Amino acid sequence: MSKKFEIEKVVALEATLEQVWRAIATPEGQAAWSPDPYASQEGMQVESDEPARLAVRTPEAENAAFHAFEYLIEAHDGGTTTLRFVHSGYLGDDWDADFDYGELTGYGWDMYLHTLAQYCAHFADRPAAFVVAEGPPTSATEGAWASLERALGVDGPVEIGQHLTLHPDGLPKLDGVVDYIQPGFNFIGLRTANGLYRFHDNSVMGMPIAIGHYIYEDVDRERTEQAWKDWLDRVFA
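With UniProt numbering, the residue at position 159 of the sequence shown is 159, and numbering never jumps.
Hints listed in this document are in silico derivations from the structure and should not be mistaken for laboratory results. Among the clues, some could well be false.
[Stated by the list, open to error] Straight-line alpha carbon distances no greater than 25 Å define the calculated SDA-like cross-link-like pairs of lysine to any residue that follow:
#1 Lys3 <-> Glu62
#2 Lys4 <-> Pro35
#3 Lys9 <-> Thr26
#4 Lys9 <-> Pro51
#5 Lys9 <-> Thr82
#6 Lys4 <-> Gln45
#7 Lys229 <-> Gly176
#8 Lys229 <-> Ser40
#9 Lys9 <-> Tyr38
#10 Lys173 <-> His163
#11 Lys9 <-> Gly106
#12 Lys9 <-> Arg57
#13 Lys229 <-> Gly170
#14 Lys173 <-> Met205
#15 Lys173 <-> Phe236
#16 Lys3 <-> His67
#17 Lys9 <-> His163
#18 Lys4 <-> Tyr112
#19 Lys9 <-> Asp125
#20 Lys4 <-> Phe66
#21 Lys9 <-> Arg22
#22 Lys229 <-> Ala151
This one's a predicted model, so the numbers in the text were calculated from it and none came from an experiment.
With these hints in hand, go ahead and build the complete structure from the sequences.
Set out below in structure tokens:
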């Protein structure tokens, strides 16, 4: 597999230029939709032309790996905005995984940029907490997803727009609409009145099942993460 990659995505957003800039260029905005909003920014190379362009490049690792992210924003009449996003880089001299990083990561960005669009359309400018937790190693195996669905009370395939109520034992039930699925992959995205809830099967990369929830109300993030981690541990005990 190639060690170099470039992923380009374009998304239309129901938001003003200023709202999109805040979502991509501030820690508070990143917490509402991005995959790693609390990561350290130490050593990052940043180019900023507010509110039209933001470019971020990670420091080069010892194996020469780096990642670069570029956001280009264009406003349109009627309060809508187009975001063109490019993620490129080099995976390192010692990269030898047998999956296509660019392809799988591209699917991930489809979901995250959809989450950004959902945030802009339904929760714009509300404060957010990103809650993430990972299951134990036993959840990295094929077939673990079926156990997760049983634990959530999911009976059969889900479809976009479907009303769905999830019942994670020991946690509040989640009642909402399926806002995202990824054909060919095990994934559930649910939009409720207070957040966007995401359940990921990462077994294709040899990684455990994970959750990544964006909650648009005041919550204790660390306590909530621990509650979801404990639930995943119970499901796959």
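Hint-by-hint comparison with the structure:
1. For the hint pairing Lys3 with Glu62, the CA-to-CA distance comes to about 15 Å; that is within 25 Å, so the pair holds.
2. For the suggested pair Lys4 and Pro35, the alpha carbons sit about 21 Å apart, so the restraint of at most 25 Å is met.
3. Distance hint between Lys9 and Thr26 is fulfilled; the C-alpha atoms sit about 20 Å from each other, no more than 25 Å.
4. With a CA separation close to 19 Å, the supplied pair Lys9 and Pro51 stays within the 25 Å bound.
5. Taking the CA atoms of Lys9 and Thr82, the gap is near 11 Å; set against the 25 Å cutoff, the hint holds.
6. Straight-line distance between C-alpha atoms of Lys4 and Gln45 comes to about 19 Å, which keeps the hinted pair within the 25 Å bound.
7. Under the criterion of a C-alpha separation no larger than 25 Å, the hint pairing Lys229 with Gly176 is consistent with the structure, at around 22 Å.
8. Of the supplied pair hints, the one linking Lys229 and Ser40 holds, its CA atoms being roughly 22 Å apart against a limit of 25 Å.
9. A distance of roughly 23 Å separates the Cα atoms of Lys9 and Tyr38; the hinted pair therefore holds under the 25 Å criterion.
10. This hinted pair checks out: Lys173 and His163 have alpha carbons roughly 13 Å apart, not beyond 25 Å.
11. Distance check on the hinted pair: Lys9 and Gly106 sit about 8 Å apart at the alpha-carbon level, within 25 Å; holds.
12. About 18 Å separates the Cα atoms of Lys9 and Arg57, which keeps this hinted pair within 25 Å; it holds.
13. About 12 Å separates the Cα atoms of Lys229 and Gly170, which keeps this hinted pair within 25 Å; it holds.
14. Our distance criterion of 25 Å between C-alpha atoms is broken by Lys173 and Met205, whose separation comes to about 29 Å.
15. Between Lys173 and Phe236 the CA atoms are separated by roughly 19 Å; this keeps the pair inside 25 Å, and the hint holds.
16. For the proposed pair Lys3 and His67, the alpha carbon gap of about 12 Å is at most 25 Å, so the pair holds.
17. Between Lys9 and His163 the CA atoms are separated by roughly 28 Å; this puts the pair beyond 25 Å, and the hint is violated.
18. Among the hinted pairs, Lys4 with Tyr112 is consistent with the structure: their alpha-carbon atoms are about 22 Å apart, no more than 25 Å.
19. Between the alpha carbons of Lys9 and Asp125 the distance comes to roughly 23 Å, so the proposed pair stays at or under 25 Å and holds.
20. A hinted pair counts as satisfied when its Cα atoms are at most 25 Å apart, and Lys4 with Phe66 qualifies at roughly 10 Å.
21. Of the supplied pair hints, the one linking Lys9 and Arg22 holds, its CA atoms being roughly 19 Å apart against a limit of 25 Å.
22. Only pairs whose Cα atoms come within 25 Å are accepted, and Lys229 paired with Ala151 is accepted, the gap being roughly 14 Å.
Hint violations for this structure: numbers 14 and 17, all remaining hints satisfied.
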